[in-house]
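There are 2 protein chains.
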Amino acid sequence: MRRVTVLCGGVGAARFLAGLVQATDPAGITAIVNVADDTELHGLMISPDLDTVTYTLAGAIDPTRGWGLVDETWQAMEQLRHYGRHHDIDPSADVGNDAAGWFALGDRDLGTHLYRTSRRLAGATLSDVTTEIAGAWAVDVRLLPVTDDPIRTMLTTVDGRRLGFQEYFVREHHDVEIAGVAIEGSESARPAPGVLESIDEADVIVIAPSNPVVSIAPVLAVPGLRETVRRARERTVAISPIVGGRALKGPADRLLRELGHESSVTGVADWYRDLASTLVIDTIDAHDVPAIEQSGLRTIVVPTVMSEPGVARALAQRCIEAAVAP
Amino acid sequence: MRRVTVLCGGVGAARFLAGLVQATDPAGITAIVNVADDTELHGLMISPDLDTVTYTLAGAIDPTRGWGLVDETWQAMEQLRHYGRHHDIDPSADVGNDAAGWFALGDRDLGTHLYRTSRRLAGATLSDVTTEIAGAWAVDVRLLPVTDDPIRTMLTTVDGRRLGFQEYFVREHHDVEIAGVAIEGSESARPAPGVLESIDEADVIVIAPSNPVVSIAPVLAVPGLRETVRRARERTVAISPIVGGRALKGPADRLLRELGHESSVTGVADWYRDLASTLVIDTIDAHDVPAIEQSGLRTIVVPTVMSEPGVARALAQRCIEAAVAP
Numbered sequence: 011m012r013r014v015t016v017l018c019g020g021v022g023a024a025r026f027l028a029g030l031v032q033a034t035d036p037a038g039i040t041a042i043v044n045v046a047d048d049t050e051l052h053g054l055m056i057s058p059d060l061d062t063v064t065y066t067l068a069g070a071i072d073p074t075r076g077w078g079l080v081d082e083t084w085q086a087m088e089q090l091r092h093y094g095r096h097h098d099i100d101p102s103a104d105v106g107n108d109a110a111g112w113f114a115l116g117d118r119d120l121g122t123h124l125y126r127t128s129r130r131l132a133g134a135t136l137s138d139v140t141t142e143i144a145g146a147w148a149v150d151v152r153l154l155p156v157t158d159d160p161i162r163t164m165l166t167t168v169d170g171r172r173l174g175f176q177e178y179f180v181r182e183h184h185d186v187e188i189a190g191v192a193i194e195g196s197e198s199a200r201p202a203p204g205v206l207e208s209i210d211e212a213d214v215i216v217i218a219p220s221n222p223v224v225s226i227a228p229v230l231a232v233p234g235l236r237e238t239v240r241r242a243r244e245r246t247v248a249i250s251p252i253v254g255g256r257a258l259k260g261p262a263d264r265l266l267r268e269l270g271h272e273s274s275v276t277g278v279a280d281w282y283r284d285l286a287s288t289l290v291i292d293t294i295d296a297h298d299v300p301a302i303e304q305s306g307l308r309t310i311v312v313p314t315v316m317s318e319p320g321v322a323r324a325l326a327q328r329c330i331e332a333a334v335a336p
Numbered sequence: 011m012r013r014v015t016v017l018c019g020g021v022g023a024a025r026f027l028a029g030l031v032q033a034t035d036p037a038g039i040t041a042i043v044n045v046a047d048d049t050e051l052h053g054l055m056i057s058p059d060l061d062t063v064t065y066t067l068a069g070a071i072d073p074t075r076g077w078g079l080v081d082e083t084w085q086a087m088e089q090l091r092h093y094g095r096h097h098d099i100d101p102s103a104d105v106g107n108d109a110a111g112w113f114a115l116g117d118r119d120l121g122t123h124l125y126r127t128s129r130r131l132a133g134a135t136l137s138d139v140t141t142e143i144a145g146a147w148a149v150d151v152r153l154l155p156v157t158d159d160p161i162r163t164m165l166t167t168v169d170g171r172r173l174g175f176q177e178y179f180v181r182e183h184h185d186v187e188i189a190g191v192a193i194e195g196s197e198s199a200r201p202a203p204g205v206l207e208s209i210d211e212a213d214v215i216v217i218a219p220s221n222p223v224v225s226i227a228p229v230l231a232v233p234g235l236r237e238t239v240r241r242a243r244e245r246t247v248a249i250s251p252i253v254g255g256r257a258l259k260g261p262a263d264r265l266l267r268e269l270g271h272e273s274s275v276t277g278v279a280d281w282y283r284d285l286a287s288t289l290v291i292d293t294i295d296a297h298d299v300p301a302i303e304q305s306g307l308r309t310i311v312v313p314t315v316m317s318e319p320g321v322a323r324a325l326a327q328r329c330i331e332a333a334v335a336p
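As you go down the protein sequences, you meet chains A and B in turn. My numbering applies: residue 11 is where the first sequence begins, and numbers increase by one. My numbering applies: residue 11 is where the second sequence begins, and numbers increase by one.
The set of hints was computed from the structure by calculation and includes no laboratory data. Just to be clear, a hint being listed does not mean it is correct.
Unchecked claim - Calculated from the model, a selection of chain B residues having no Cβ within reach of chain A, i.e. all distances over 12 Å:
| hint | residue |
| --- | --- |
| 1 | Gly-270 |
| 2 | Asp-292 |
| 3 | Ala-301 |
| 4 | Gln-327 |
To be verified - Covered by chain B, according to a simulated footprint, are these stretches of chain A (three or more residues, beta-carbon under 8 Å):
| hint | segment |
| --- | --- |
| 5 | 38–45 |
| 6 | 118–129 |
| 7 | 313–326 |
In this text, a Cβ means the ideal position worked out from N, Cα and C, and glycines have one as well.
Using the sequences and the hints given, assemble the complete structure.
Right, here's the structure in full:
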C-alpha cells in the first residue's frame with residue numbers, strides 16, 4: 011500500500027484530499043492538519059480546518075459555501091444574532107465580540123463543536139476527538155491535528171491591532187493590511203502522536219495548495235516538522251496555491267505581498283524550496299517553469315484549479331507519480 | 011403600582027407568572043429565580059429555570075413539553091447524539107457524559123446559551139445577561155437570578171452517588187432514591203443586586219408552586235434571603251405545589267417523602283410556616299384547612315392546577331388579595 015502524507019490547511023487541502031482518495035488507497039493516506047486557526051467562541055472549541063477536511067471527505071461539505079455542512083440550518087445563529095442586535099454588541103470589541111454572532115455556526119455543525127468540547131473537557135486530546143469525529147463520518151483517511159497543544163495564528167495589522175485568525179479572516183473579511191504573522195504557542199508545541207512518523211514513513215509527502223502563510227507555515231512551525239519534511243525533501247511535492255499571480259480563495263496572494271514575498275509561482279518556489287523537490291503549478295503559469303527549475307525545483311505543469319473532482323484526482327495522481335518516480 | 015415579588019423555580023413558577031401579569035401591572039413584578047439547577051454542558055452556561063420563565067413570559071415556550079422554545083428544531087442534538095452513539099459515550103460517566111447528548115438543547119435554545127456564555131466569558135454578570143435576554147424577548151417583568159455567584163444543587167443517592175440537579179432530573183429521570191440534598195456554594199453566595207430590596211419593598215411576596223426542596227430551598231439558601239422573607243411573613247403567600255398528595259410535575263412528592271417530610275399540603279405548611287402567613291391549596295385538599303389553620307397559617311382554597319391561563323390569573327389575583335387585605 012502506498013503511503014501518502016499531506017500537509018493541510020482547509021478548503022484547498024480538503025479538495026485535494028477528495029481527489030487523492032480516488033487516486034490511491036485511502037488507508038495509506040495521512041492528513042496532517044493545521045490547528046492554528048482553531049478558536050474558542052461561546053465556550054466552544056472550534057477546529058475549522060479539521061472540520062472542513064472531515065466534512066469534505068465525508069461528502070457532507072456544503073458545495074456552494076465550501077465550508078460547513080450541506081443541508082444546514084441556522085436557527086441558533088439567528089437567535090444569537092437577535093440578542094446581539096438587541097444589545098448592540100460591538101463585533102470589534104476585544105472580548106466577547108462573538109456574542110454578535112459574526113462567526114457563522116450552523117445547527118448541525120454545532121453538534122460537532124458540542125461533541126468536541128465535551129470530549130476535550132473530559133480529558134480527550136484533540137487527536138482522540140478528531141479520530142472519533144472522522145470515524146462517525148466514516149472517513150477512512152487518517153486525520154491528525156499537527157499538534158494536540160494550543161497554537162494560534164496571530165496577525166498584526168499595519169496600525170498595530172492584533173487579530174486572531176478567525177477575526178482576521180471571517181470578521182474582517184481579510185480586508186485589512188497585515189504587517190506580521192506569529193504562531194503563538196508553537197515554540198512549546200509537540201507534534202501529535204504519529205505526525206513525524208507519518209512523514210518519515212511516507213512514500214510521498216504533499217504540501218497541499220493551502221495558504222503558505224497562515225495554513226502551511228503553522229504546521230511547519232511545530233518543532234520537528236520542518237526538519238522532518240526537509241529530510242524527506244526528495245519525496246516531497248508542493249502544490250502552488252497561487253495561480254496566475256492570485257489565490258483561488260482567501261488572502262494568500264495579498265498576505266504574501268504584504269509580508270514582502272512575491273505573489274507568484276516563483277514566490278511560492280522560494281517559500282518551499284528547502285522543503286520540496288517538486289513544485290506543481292497550473293498550466294497558466296507554464297512560462298515560469300524555467301525560472302523555477304533554475305532555482306533547483308522540478309516542476310509539474312497541470313491544471314490545479316479543482317473546480318471539479320476529476321481535476322483533483324488527476325492532480326493527485328501526478329503528485330504521486332512525481333515523488334515515486336521523479 | 012402594586013409591587014409583587016415571586017420566589018421562583020421553573021415550570022410551575024413560569025405558569026404562575028404568566029397569570030400574574032394578567033392580574034397586576036407587570037412593571038411592578040419581580041421574579042427571583044433559582045439558579046442552583048444551572049449547569050455547564052459542552053462548555054456552555056445553561057440556566058434552565060431562568061430560560062423557562064423568560065420563554066414562558068415571552069409566549070415562546072413549547073406548550074406541549076413545557077420547556078424549551080416553540081417551533082424548535084433539533085439538528086445540533088441529532089448530530090451530537092450521532093457522535094455519542096458511534097463512540098459509545100457512557101451517559102453515566104462521571105466526566106464528559108454530556109457528549110452522549112442526554113440533555114436536550116434545541117437549536118434556537120442554543121442561541122440563548124451561546125449568547126449567555128459569550129457575555130459571561132466577557133465579564134457580564136448573570137444578572138446582566140438575564141436582563142439582556144429578557145429584554146430581547148420583550149419581557150416586562152423584572153427577572154433576577156437569586157445570586158450571581160455559582161450555587162449548585164447536589165443530590166446524594168441512597169447508594170452514595172452524587173448527582174448534579176440536571177443529572178438527577180433529566181439524565182436519571184428523577185428515578186433514583188435520594189438520601190440528601192445540599193446547595194453547594196450557598197454559604198458564600200451573595201444575593202444578586204435588587205433581590206433583598208425587592209422583598210423588603212414588595213406589597214406581596216409569593217412563593218410560587220415550585221419544588222420546595224430543589225427549587226425554593228436553593229433560593230432561600232442564599233444568605234439573607236430566608237431572614238428577609240421571614241421579616242415579610244405577613245405579606246408572604248405560599249402556593250402549595252402538592253395537590254392531592256402528589257406533585258403536578260416532577261419529583262417534589264417523592265423528594266419530600268425521601269427526605270422525611272409529608273407529601274401533602276400539611277407537609278408543605280410545615281415547610282413554609284415560618285416564611286409565609288398564608289398557604290394557597292387546591293380545592294381537592296380543602297379537608298386539610300383546619301389542620302393548616304390550627305398550625306398558624308391562613309389558608310386560601312382555590313383551583314391551583316394551571317392547565318389554562320384563566321386558572322393562573324385567578325390564582326394570582328387571590329394571592330394578591332390575600333396579602334394586601336388578609
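Hint by hint, here is what the structure shows:
no.	hint	verdict
1	Gly-270	holds (36 Å)
2	Asp-292	holds (37 Å)
3	Ala-301	holds (49 Å)
4	Gln-327	holds (32 Å)
5	38–45	violated (count 0)
6	118–129	holds (count 11)
7	313–326	violated (count 0)
Violated hints for the displayed structure, listed by number in ascending order: 5 and 7.
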